[in-house]
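Line by line, the protein sequences give chains A and B.
As numbered in numbering that gives the first Met the number 0, residues 0 to 230 make up the first sequence, in order.
As numbered in numbering that gives the first Met the number 0, residues 0 to 230 make up the second sequence, in order.
No wet-lab data here; the hints were simulated from the structure.
You can take every hint at face value.
A pair counts as met if it fits within one copy or between any two copies, since identical chains are not told apart.
In silico BS3-like cross-links for lysine-lysine, where the CA-CA straight-line distance does not exceed 25 Å:
no., residue 1, residue 2
1, 201, 171
2, 199, 106
3, 106, 178
4, 199, 171
5, 99, 171
6, 99, 201
There are 2 protein chains.
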Amino acid sequence: MEFSRYNSSHSSAPSAPELPPDSYDHQQHQYQGYYGNPSPSPARPSSSYGQSGGFPAGTQADVVRAFQMVDRDRSGFIDERELQQALSSGYQRFNLRTIKLLMFLFKNPYDSLRIGPGEFAALWSCLGHWRAIFERFDRDRSGRIDSMELRDALYSLGYAVPPSVFQVIVSKYDNGSGKAELDFDSFVECGMIVKGLTDKFKEKDKGYTGSTTLSYDSFMCMVIPFLVSYD
Amino acid sequence: MEFSRYNSSHSSAPSAPELPPDSYDHQQHQYQGYYGNPSPSPARPSSSYGQSGGFPAGTQADVVRAFQMVDRDRSGFIDERELQQALSSGYQRFNLRTIKLLMFLFKNPYDSLRIGPGEFAALWSCLGHWRAIFERFDRDRSGRIDSMELRDALYSLGYAVPPSVFQVIVSKYDNGSGKAELDFDSFVECGMIVKGLTDKFKEKDKGYTGSTTLSYDSFMCMVIPFLVSYD
Numbered sequence: 000m001e002f003s004r005y006n007s008s009h010s011s012a013p014s015a016p017e018l019p020p021d022s023y024d025h026q027q028h029q030y031q032g033y034y035g036n037p038s039p040s041p042a043r044p045s046s047s048y049g050q051s052g053g054f055p056a057g058t059q060a061d062v063v064r065a066f067q068m069v070d071r072d073r074s075g076f077i078d079e080r081e082l083q084q085a086l087s088s089g090y091q092r093f094n095l096r097t098i099k100l101l102m103f104l105f106k107n108p109y110d111s112l113r114i115g116p117g118e119f120a121a122l123w124s125c126l127g128h129w130r131a132i133f134e135r136f137d138r139d140r141s142g143r144i145d146s147m148e149l150r151d152a153l154y155s156l157g158y159a160v161p162p163s164v165f166q167v168i169v170s171k172y173d174n175g176s177g178k179a180e181l182d183f184d185s186f187v188e189c190g191m192i193v194k195g196l197t198d199k200f201k202e203k204d205k206g207y208t209g210s211t212t213l214s215y216d217s218f219m220c221m222v223i224p225f226l227v228s229y230d
Numbered sequence: 000m001e002f003s004r005y006n007s008s009h010s011s012a013p014s015a016p017e018l019p020p021d022s023y024d025h026q027q028h029q030y031q032g033y034y035g036n037p038s039p040s041p042a043r044p045s046s047s048y049g050q051s052g053g054f055p056a057g058t059q060a061d062v063v064r065a066f067q068m069v070d071r072d073r074s075g076f077i078d079e080r081e082l083q084q085a086l087s088s089g090y091q092r093f094n095l096r097t098i099k100l101l102m103f104l105f106k107n108p109y110d111s112l113r114i115g116p117g118e119f120a121a122l123w124s125c126l127g128h129w130r131a132i133f134e135r136f137d138r139d140r141s142g143r144i145d146s147m148e149l150r151d152a153l154y155s156l157g158y159a160v161p162p163s164v165f166q167v168i169v170s171k172y173d174n175g176s177g178k179a180e181l182d183f184d185s186f187v188e189c190g191m192i193v194k195g196l197t198d199k200f201k202e203k204d205k206g207y208t209g210s211t212t213l214s215y216d217s218f219m220c221m222v223i224p225f226l227v228s229y230d
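Next up, chain A with everything else stripped away, as it sits in the complex (with noise of 0.2 Å):
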C-alpha cells in the first residue's frame, strides 16, 4: 500500500499542533489513510429473532429492549420510524433523514426498508462510540461543535479528510454565520456521509490507490442511495 499520497493529501496529519495529543491513535492512522476504520460487520440476520436469538452474543439487555419496545408484532425486523423511536431511549430523537440514511447504511441485504436484531445490534454500538468521540470534542458540553472539532472529531473515527473536500462538508453545515456548528444528529449525519461514500469508494480502489475507474452505471449507482428523500 502507498501511504505517502494519502498522508500528503491531507492537512490534519497526526502530529498537527492544534490537535490534543491524546485525539489520535497514531498506528491506527499511519495504516489507515483517509480510510478509516473497518465498517462495523453486522451479524447475519435471522428471519425472526425468536427463531435463534438474533442478536449477536454479548448484546446488552437494554439494546435488546429498545429494539423489542418498538417490534410489536414481534416480526424481527423494524422500519424507519420505529428506529426513530428505538433509538430515542439510548440516545435522542434523530432526524428522519439520518435515521433514512442510518437504515441505508445498516440495512439487511435481504430487505433494504427493515432492519433486524444483528444491524440494529452494530447500530447501536457504532453510535454509542460515535456519541463518546462527539462528547471528547464537545469540551464546553454545549451539545455542538464547531468546524475545528468536526476535523478531529473525523480524524479520531479513521477519517482524515482531504482539505478540499472537508471545505465543502463544511460549507453544507454553515449556520449563515460563516460558522459550522454540529450537534449530535448533524454530527452522525455528517460522519455517516463522510463513512458511507469513502466505504464505498474504498470497495472500488481495492488497491487503496486514492483513485479509482468507474464507469457511469456504477458511479450513478453508487451515489443515488446517499440522496435520499425525506417525504
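For this one, chain A is given, so just place chain B on it according to the hints.
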C-alpha cells in the same frame, strides 16, 4: 465517440415498443447516449441587474417581474427562500430541498448562496421545458407520473438512464406500495439529480467513453454538494 457501449447499456432504446412514437427525437438520442442535452448555460451574472440589465436579451416580462417581486432590496440576487417564492408565481411552491438543489445547480459561480437574473432566467426556462415534458407524460392530468412515465420523461429530456440506475432511482420514490409516483416537484428533484450527477460525470469523462478515473478527493467533492441539508 463510441456510442455502441452507451446504447447497449440501457433498455429504453428509441424503438422500445411500449413508448409512444412521438416521445423520442431519434436523431438527438442517437448522438447523446446517456449524457443528455447540453446544460443550459446561464448568462454571466452582473453584480446587479440595474447595472447592465442582468437578464439575457429577450427574457419575458413575467420572468423579470417574478424576480423583481422577491428581490426587494434590489441587490440583483435572491436567496433560496426568495427563489421558492419567485417560482410560486410561475410554477408552484417547490419543496425547499428541490429549491436547494436548483440553487446548487444553477448557482452563480461567484456566490453559491444566491442567484442573479441570468441564472434565474436560465432556471425558469429549464423548468418550463421540464413542465412541458411532465405534462406530456401525465396523460390523465392527475398531476403525477408513474415510474414508466418517469423513464420516458427522463429519456425525452435526453437522459437514457441505464436499467440498474433507474431501479435505484425508482426505489427512492417508492411510496411503500412498490410503485413510484412523482408529482412535478419530485420529478424536478429526481431529474435535477440525474442531470446534475450526469453533468458532473461528463466533466470528468471528456472523451465520452462511459467511464472515468476519479481520485478520492474529486469523488467526494463531486458528490457531497448533492447531499443537501435541510435545516
